[in-house]
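Taken in sequence, the protein lines are chains L and H. Each residue of the first sequence is one higher than the one before, starting from 1 at the first, in my numbering. Each residue of the second sequence is one higher than the one before, starting from 1001 at the first, in my numbering.
Hints are computed from structural coordinates only; laboratory data are not their basis. Any given hint could turn out to be false.
Chain H is faced by these chain L residues, among others (derived, beta-carbon under 7 Å) [stated by the list, open to error]:
id	residue
1	S88
2	Q153
3	V170
In silico negatives: residues of chain H with every beta carbon more than 12 Å from chain L [unchecked claim]:
id	residue
4	L1090
5	Y1093
6	T1148
7	A1152
8	R1159
9	N1182
10	G1249
Built from N, CA and C at the ideal position, the CB exists for glycine as well.
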Amino acid sequence: MFKRMLMTGVAAATFTAMTFSSVSAACSNDVWKKVMERGKVAVGVKADYKPWGYRDTDGSIVGMEVDVAKAAADAMGVELELTAVQSSNRMQFLEQGKVDMFIATMSDRPDRRKIVGIVQPNHYTSGTNIMAPKALGFKSWEDLRGKPVCGKQGAFYNQVVTERYGVNVVAFTGNAEAKQALRDKKCVAWVYDDSSIGSDLSSGNFDDFEMPLKSEDDNPWAIAVPLAERDCVFGNFMSGLVFKMHQNGTLIELEKKWGIQPTQYLVDKAKAYGDWLAEKK
Amino acid sequence: MIEMFAEFFRQVAEDYPRWNFIFFHDPRQWARVVSGIQYTIWLSIACVIFSVIIGVVGAWLQGASNVLVRRCVQGYIQFFRNTPPYIQLLFFYFALGQFTPSVTGPDGWTEVPLISSVGWAIISLSFFAGAFNVEIFRAGIEAVPESTQEAAESLGFSRLQTYTNVVLPLAFRVSLPALNNNLVNLVKTTTQAIGIAVPELLYECVGIWNDYPSALYPTMLLLFVTFIVLVGVLVYGMHKWERAMRIPGYGG
């Protein structure tokens, strides 16, 4: 009896030791350590996606996601180095170590989770919509069938709307080019994130345009760290940061600060993660 | 057979998640690749032909007696040789595209320009490579001995006749190796047409690897292989041509 218990204990201990050692072997925390040693964290952000990440009049990159990056660097106690990334190269930049993480309006998709370390919880959300001239009066996605619609290379919904509605997506490398093509009447609409279109429309530069359709494929955004460090210090740290920013309402405040239309998503998250003691006060 | 081929690459994608040769087992992606290659070939052929024509005509105009014509040719060369082709493309498509006539589409909004994005890519890239071709042909023309031209003149040839019958055939042979280099560069530069959304091979490939991040490496590999083959065919053809046109005892 005693012998048997001993054996079980030894087996359990060995098993625990093995699991622990395998975890510590998996977590080299290379990038995290490098960031701490250099005292500088390289964060990839958008530079053409107002107001989440864009160039201010003096050329510096500012925006809501940039503020999140700043909060992360401050909490880590390191300097922040911003790198402008594109939808079509952000994951490669992270994989190659050109950036240590990115906060670049990326939709959280299953195939992307295999490539980069996507951090939970998601920090924002957006759906797909179009910006189209009021004159055309589009009512439904079906109205776009067979018509040329400007898009942005790297957006996952280019393929979705092509296959679902037979839209002829003409994808440009940058947002500015695509919107210019819409103004030049080279296409009937610009398909993009509803959140970005909303802020473009409220900027007053697109008075003859509207966002007429119901948003589709509402998809949360995510911050990404290197895949190997998702379940290690770096990933866990960023998870905690995003959680807190939801909980204490920082993200909602940032949304307000940058003049973004309030999303129910942030309100729901703030409620879901709410501090039960704070509620009692 | 094709099914086995597709099955093999489906298995590869499962065993090695970073090596998803999606275009070998998904017919839709394969169609994108094929259409991209067609556009690239079409762009390359059109640009090669037009740029050579621009080179031949430009080199002839460079020897014109009219100062203004010579200055214009020189200005053209300086402009197109000294600015990046990508910026030329954007400028042609977005800025000059505004001033070209267009037809209003059936929806009453879209302005279908007479020159499409493919058209602008051909024009812009041809002028870009043409500027280099003018200089290449000029070098060839300068290699033709003055005495040969004088001999032609003394036989009663006009300036144009001397150029087309005597100078150009000789100059062309001298220019071929340098022309070869420039045309190879031109074929590779067609990928920059992605900037104005010409659906050539790079455009389609970027689309594929954005939709399927697991297909990034295989798609890049596909780009390399396709261009090695395309440029290989061009170089092979040019070498054959060079050999066929060789005059024993003349040139290298």
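To see whether the hints hold, each was checked on the structure:
| no. | hint | verdict |
| --- | --- | --- |
| 1 | S88 | 6 Å, holds |
| 2 | Q153 | 6 Å, holds |
| 3 | V170 | 5 Å, holds |
| 4 | L1090 | 8 Å, violated |
| 5 | Y1093 | 9 Å, violated |
| 6 | T1148 | 50 Å, holds |
| 7 | A1152 | 51 Å, holds |
| 8 | R1159 | 44 Å, holds |
| 9 | N1182 | 26 Å, holds |
| 10 | G1249 | 52 Å, holds |
This entry does not satisfy hints 4, 5, going by the numbered hints stated previously.
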